[in-house]
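Chemist: Following the hints, complete the assembly by docking chains B and C with the ligands onto the known chain A.
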Amino acid sequence: MTKVAEKPRPGAIAQDDLVVGSSLFKDAMRRFLRNRLAVVCLVITVLSGVICMIPHLPGMPTSITEAHIITNHGQNNLGPSSEHWFGTDELGRDLFARVVYGGGISFQVAFLGTMVSLIIGVTYGAFAGYLGGRIDNLMMRFVDILYGLPFMFVVILIMTVVKKETNSMIPIFMALGLVQWLTMARIARGQVLSLREQEFVTAARTIGASTPRIIFLHIIPNLLGPIIVYTTLTIPGTMLQESFLSFLGLGIREPHCSWGSLASQGIQAVSPIASYWWQVLFPCGALALTLFSLNFVGDGLRDALDPKGRQ
Amino acid sequence: MSRKKRRRDRQQKKVEKRKKKAQTSSRSSRRQAVVDVSTPSVGDKGGADLENARGASKLPSKPTKKTRGPVILKVRNLRTDFHTPNGVVHAVQGMSFDLHKGEILGIVGESGSGKSVTNLSLMGLIRKPGVVTADTLEFDGQFLQNLPDAQMRKIRGKRIAMIFQDPMTSLNPFLTVGDQIAESLELHENMSTEQAIKKATSLLEDVGIPDPAGRVHQYPHEFSGGMRQRVMIAMALACDPEILIADEPTTALDVTIQAQILELLKRLRDQRGMAVILITHDLGVVAGSCDRVIVMYAGRIAEQNETRPIFKNPGHPYTAALLKSIPRIDSSGKGELHPIEGMPPDLSKTLVGCPFEPRCEHREASCKTTIPQLQAHGSTGLKACDVAWNKKG
Amino acid sequence: MTKAVKSKSSSEVILKVKDLNMHFPVTAGILFRREVGAVRAVNGVSFKLHKGEVLGLVGESGCGKSTTARAILQLYNPTSGSVKYKHGENWTELAGRSAGGMRPLRKNLQMIFQDPYASLNPRMTVGSIIGEPLKIYNLAEGDALRRRVQDLMNEVGLDPRFIKRYPHEFSGGQRQRIGIARALALDPDVIFCDEPVSALDVSIQAQIINLLTRLRRERQLSYVFIAHDLSVVRHISDRVAVMYLGKIVEIAREKDLYENPRHPYTKALLSAIPVPDPDIEAKRERIILTGDVPSPSVERKGCDFASRCPSVEEQCYSEIPELRRMETAHYAACHLYPDGAIMQV
Ligand SMILES: Nc1ncnc2c1ncn2[C@@H]1O[C@H](COP(=O)(O)OP(=O)(O)OP(=O)(O)O)[C@@H](O)[C@H]1O
Ligand SMILES: Nc1ncnc2c1ncn2[C@@H]1O[C@H](COP(=O)(O)OP(=O)(O)OP(=O)(O)O)[C@@H](O)[C@H]1O
Ligand code: SF4
Ligand SMILES: [Mg+2]
Ligand SMILES: [Mg+2]
Chain A
1 MTKVAEKPRP GAIAQDDLVV GSSLFKDAMR RFLRNRLAVV CLVITVLSGV
51 ICMIPHLPGM PTSITEAHII TNHGQNNLGP SSEHWFGTDE LGRDLFARVV
101 YGGGISFQVA FLGTMVSLII GVTYGAFAGY LGGRIDNLMM RFVDILYGLP
151 FMFVVILIMT VVKKETNSMI PIFMALGLVQ WLTMARIARG QVLSLREQEF
201 VTAARTIGAS TPRIIFLHII PNLLGPIIVY TTLTIPGTML QESFLSFLGL
251 GIREPHCSWG SLASQGIQAV SPIASYWWQV LFPCGALALT LFSLNFVGDG
301 LRDALDPKGR Q
Chain B
1001 MSRKKRRRDR QQKKVEKRKK KAQTSSRSSR RQAVVDVSTP SVGDKGGADL
1051 ENARGASKLP SKPTKKTRGP VILKVRNLRT DFHTPNGVVH AVQGMSFDLH
1101 KGEILGIVGE SGSGKSVTNL SLMGLIRKPG VVTADTLEFD GQFLQNLPDA
1151 QMRKIRGKRI AMIFQDPMTS LNPFLTVGDQ IAESLELHEN MSTEQAIKKA
1201 TSLLEDVGIP DPAGRVHQYP HEFSGGMRQR VMIAMALACD PEILIADEPT
1251 TALDVTIQAQ ILELLKRLRD QRGMAVILIT HDLGVVAGSC DRVIVMYAGR
1301 IAEQNETRPI FKNPGHPYTA ALLKSIPRID SSGKGELHPI EGMPPDLSKT
1351 LVGCPFEPRC EHREASCKTT IPQLQAHGST GLKACDVAWN KKG
Chain C
2001 MTKAVKSKSS SEVILKVKDL NMHFPVTAGI LFRREVGAVR AVNGVSFKLH
2051 KGEVLGLVGE SGCGKSTTAR AILQLYNPTS GSVKYKHGEN WTELAGRSAG
2101 GMRPLRKNLQ MIFQDPYASL NPRMTVGSII GEPLKIYNLA EGDALRRRVQ
2151 DLMNEVGLDP RFIKRYPHEF SGGQRQRIGI ARALALDPDV IFCDEPVSAL
2201 DVSIQAQIIN LLTRLRRERQ LSYVFIAHDL SVVRHISDRV AVMYLGKIVE
2251 IAREKDLYEN PRHPYTKALL SAIPVPDPDI EAKRERIILT GDVPSPSVER
2301 KGCDFASRCP SVEEQCYSEI PELRRMETAH YAACHLYPDG AIMQV
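So the protein lines, in turn, are chains A, B and C. According to our numbering, the first sequence is numbered sequentially starting from 1. According to our numbering, the second sequence is numbered sequentially starting from 1001. According to our numbering, the third sequence is numbered sequentially starting from 2001.
Pulled out of the complex, with its shape left as it was, chain A reads as follows:
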């Protein structure tokens, strides 16, 4: 006596895909693809990311990897030409190679730094929010105190203590990640505070699910929307901060480079006497384009993941 062909709210799905249905993810995907600007920006980001990462991959032709450190006396400060597309710097190194190679570094720092902050921040925030009460209070006061410390001071401290001689980039990821997880933790906690009062979490408790199971299976997947969005918006931030560190000489060391360090060198090369504009324009242009694109991708994702904003 049961009617099978009951239909959910009008317009929600078509009658034909009764059995398969559509997941929230597919829905979001469709909404995202409808947003032209976001799609274009995503393509730009992915494309520039792929191009920049090629020289960093093992087993790839090394022309760019080499070109970006090979100094050519007599070819310094040349403007863009068919041989050197982006011109050369004051040591005669090919700027195109440096921008591509440096982009790879910037992307790595930004992504890995963000991942570090994501993993620490979301887990910390989710536990604080879910456990609540005194534990939550303590955990969040700790975050507040860290917030109070001047961010650059911490990073500079880490960089000077840890880095010293090594040329590894791991300390940069750590330093940036360690600072950025604070905001991530706050966002995650805020979301969890409202999620844990939802009845499906109570339902999970009544069927005997353990706390880690609830957090990792029921709560974190539901945080995904806001967190993915925040992540896409954090990546540009991390990229900028890496640039800033490099600008201070604490980030990437010569002869390696990132977009930030290239830009800082370029700015020094602009003077009233001789304006080597290409040394500023190309690294800054690449940085700006990527930052813009990531921001639009983030906006697009936020709209797509919000089922209420169905357009």
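Calculated directly from the structure, the hints in this document are not laboratory data. Among the clues, some could well be false.
Unchecked claim - Restraint ranges, calculated between C-beta atoms of paired labels, are given here: (1) Val2345(C) <-> Leu131(A): 26 to 36 Å; (2) Ser2295(C) <-> Leu33(A): 45 to 55 Å; (3) Leu1175(B) <-> Glu2319(C): 38 to 48 Å; (4) Asn2138(C) <-> Lys1324(B): 28 to 38 Å.
Small disclaimer: the values here were computed from a predicted structure and weren't measured. A virtual CB, placed ideally from N, CA and C, is assigned to each residue, including glycine.
Modeler: Showing chains B and C with the ligands alone in chain A's frame:
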């Protein structure tokens, strides 16, 4: 098939013709048309006239012994469409009814049947993807359809007031209750602040709030849910409206407080001769407080009648099914309830038959292919069903 | 017409709640939280539940119905009181158990929730929602799990082909069926139904009530059925308890309570329910209460209902009335009836 199509064409032409007429004819001839519509007493005339009465905008509405006054609001062929990316949602599909002075008109129906949209459309409150059309929307001799915004605003709030379901979110938490009631008085009636507060105090007393002089200076959070709903009613009453539209005013409240609010509405009807449209999904509320009832299904009127016959002699199978599906407090019967299986239709599909047909237990072959029009049921009612399933009717 | 036989609940008691208190602290202060008072959401609730019985729990919004259910299930840690559950032959105390200590007992005590939209994880398929309890207790895996889930879906009237679908693709009534299937998965003895039909349209409400009635008959379930709709409660319950401000003020067999209410609050409540029959409505006399429900955070020395009660006496302000026997299995807490024996659990 072709017969059906011809019939549809004919109807469409009729509607167009009427629209043209409404646009061009002078006011007096419109009034004439009005009389035309309301005089044919469908009940005792034969097939030819019935056919005439089936036009979507023609609706015989007979003032009955219970309805107290003249018609104050006349609605003909009200339609509201929402143009969404997933298609056009026909939320209201040709509502026609009259509201008389001094009566409480109940509108009942399942969630999504278009009760709220109907009333928002009347008030000109439907926003962008929504498009409202109507042949007639006449309030006290004024045609509301194409009224400029500024004039509509004057009517809204002053002469037609509205209260909503959620008393918790409809009040501004940063203003005292008195200020909020006074605001509309200062706006519409040009009262001074002092006068307005005085009036606000007496309004609070009218709606049964104890110690109104003290309460008038308190903030909404100091009031309970039932009291806030009473404050909302006081606000709605501030300018002595002729019509009060109450959209599920008691759904968020407890039964004991619901009883207080319904008593208040009945008192206002009796003392001020106010006309009330009471939207609810609770048939019990309807039975206790309404004079006349419209049962809505899928954006259309399924049935309209005085309250008693709706319950005692329903004309539409949907009404009967609704009544059978609810458990009653006054019987200990432990038998099975009779749910209405299935779901309401998708409002974005074009209708070809009776919208209730897939769920109806009295359906016949013709129900699938002809859209039933409103027709007489008993001496006071109208039903949108062609099947003579109810032997009494 | 199939008359569902009102299944005779056996006289065997399976759940005893005694003097249950659930007080939520009200805190103040920004840096150092200190308690400045308490919301007495549940304030001395006692009752027994028999095997195969449906006990209705009614009362106004905020009177503590949901909190009672959650405190019994140890979803909140009750402030004080005892909850005993008959596990096999032995009585087990639930109050004060840790989450781990409760886990083996949760199989027997399940819950169905009010909001069919909020009670299902939107990121899980129907199959994994219904299968989750089976997984947690390692009761089934792989194909066997799938088959169990499909059986459960059949049992609650859902098409098993929908197993891969997400909750947002279902209507409210169907979602409520998913929640019921999840509760049934572990084959419990007692189900706490927290307003399972309040969010549904009347026509769909009837489907769910019929389903719950059928399941109860087939599986010998006991329900604690919470609702604020007294007509629904009357339809489904064997006994009904009326709550007011965290206390049970009257508890009796369904027929006794509705036809011969004793407590002034029950009387007022019953008279306020609209009946879908204009003739009866016209004749009914309504007891319109004045005043509002007092705040549950204020401690009272007398009867909680005194501020609104039409038959209030002087004693009502100074002495807390206890649940006393009116007739067989009928208890009310009101000073108008001072003679009966005090209820024992
Ligand atoms: N802005 C909108 N865009 C698209 N569709 C809409 C919009 N507003 C309302 N609708 C649709 O119009 C129909 C009628 O809705 P309405 O709110 O009038 O129902 P109702 O009878 O008041 O129901 P309820 O009892 O739930 O309040 C619904 O199917 C709804 O989905
Ligand atoms: N977690 C909590 N913290 C503080 N107070 C709470 C909490 N949960 C409930 N309360 C309070 O306890 C009282 C009882 O709430 P409860 O949800 O049990 O009521 P209810 O009878 O289920 O009402 P409803 O019919 O609205 O569901 C209310 O005053 C509520 O504000
Ligand atoms: S004890 Fe007193 S106040 Fe309480 S219900 Fe009885 S008569 Fe009313
Ligand atoms: Mg509505
Ligand atoms: Mg509750």
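Chemist: Going back to the hint list, which numbers does this structure go against?
Modeler: 4
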